[in-house]
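Engineer: Work out the full structure, taking the sequences as your base and the hints as a guide.
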Amino acid sequence: MLATVGYYEPAWIQIVKAIVIALVALQLVPIVTIAERKLLGRFQGRYGPNRVGPFGMLTPIAEIVKLATKEQSRPDTSIGFLYVSAPIISILTAFAAFAIIPFGDPQDIFGTKVGLYGLDVSIGPLYLFAFSAIAFYGIMLGGWASGSKYAFLGAMRAAAQLISYEVSQGLALVGVIITAGTLSLTGIVHAQAGMWFIVPQCIGFLIFMTASFAETNRTPFDLVEADAELVAGYFTEYGGARWVSFLFAEYLNMIVVAGIATTIYLGGWMLPFGIHLPGWTEPLVVLFKMTLFIVFFIWIRATLPRLRYDQLMSFGWKILLPLATLNTLITAIVVVVVDK
Amino acid sequence: MWSPGDDQITVQRAPAPGAAGGLYRAFGETLRGLKTTLGRLTEGVSTISYPEQKVPVYPRFRGRHKLHRFEDTGLEKCVGCSLCAAACPADCIRVVAAENTPENRVSAGERYAAVYEINISRCIFCGYCEVACPFDAITMGHDYEMSDYDRSDLIFTKEMLLAEPIDITPLRREGE
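Protein chains in written order, with the numbering used here: chain A, 1085 to 1424; chain G, 41 to 216.
Check each hint, because a few of them may be wrong.
Only pairs whose alpha carbons sit at most 27 Å apart, straight line, appear in this in silico BS3-like list of lysine-lysine [unchecked claim]:
1) K1122(A) with K106(G)
2) K94(G) with K106(G)
3) K117(G) with K106(G)
4) K1122(A) with K1154(A)
5) K1122(A) with K1150(A)
6) K117(G) with K1122(A)
Since the hints were made in silico from the structure, they are not lab data. The model shown is predicted, which means the values in this text are computed figures rather than measured ones.
Structural biologist: What follows is the structure in structure tokens.
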């Protein structure tokens, strides 16, 4: 059977909604980049970018102009079609994954009931993993089609790393899915009305966060673009707008992971202690919780050094995977025992 | 394996890498690292935004040279003796002396420096010229922003050395 959709609107509203969500995603990425650079600076006792605009807040605009007007070039050894399509795959999958993050319950907007999400699919996490699996193709093709050894090594590492950590990430989510009894992300949020899943699933949360760092290629797991050894990893040979696409996809993936963690472990748009605010504040609550995660991502980047490749692999397979399996198993047993 | 020898009593080794213990230690150390970086965040920045904000120099800092005049008469202190040029190890000072006349009195002494040039691009800021000068006519100032686009612009003439600097370099107080 095909996946069912929880609630959907007329087609024209869905199109408008898709455009709005894409625009929101487009606005979020520059904000995250400037926030990251400013915060990293503060963590290291310096200002960060502060030359363009007030407090350097217009730096992303200057960068976009610079990068978009750069010359497009590619190495002689590259494979043209694949070289060009790799960044497109990366950015498309990142946008697609962003579509399922729920920002609130369906709201009355000018007399029409509109769900504050791209799509409420009944297979939320599976959809997410499907698209993050397709995103590997962007990285793999980008590295391989560049025709450069550094890009190729980076792509190989990326493939190995992402596949090993996706297993743990998925297993960590299984615990939540068993507890909530649904795969729909809005359903999972509604299941957290009594208690956020970060409390009963704290081990799962830690595993999910650790695996997410590896999934989004961020320190301490940014082996993929280890600049000391691999120049820049899979996008060594990219420049200008194509490079921006990769960078954009990377930051968007970070935002998506923050959104998924918010939805699944921090109760989505729910507020603690039974506080109820009007419905229009729900997206703000979700954005606030996402900000917490993004700040945490940046904080970790300022703190931890990069792992060695064998440390990364042994950590993923020998520690994270058994822990995630154990977490799933215990959750399943507890759920069965409590239900009886 | 390396043996510490008899004179050494204790050897501190890093903990053996293990699965559970290693994970626990890594988690604890991560938390400690997060605390450290958060400390940097709360204690503020230590950047000095250079072009707008300058580090004060010490009073004895040897920067760009200055030529001096007598404050009461306005006459130049330099008498064109060329002792500074003789003392200069980098050979970057050029002095051409001329006689003072009653109509054209430039310095307080018998002669004055008609040409006084310092090639800043060769100067090593040793301060020997200052030491050699019998009249304290040349001293080392506090300015250090002397870069230019052209080498010929780095030959400072007497007028440039006599003029007050455009930017006043901040000075450290005694004991600061």
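Engineer: Taking the numbered hints from earlier one at a time, note which ones the structure violates and give those numbers from smallest to largest.
Structural biologist: Those not satisfied are hints 1 and 6.
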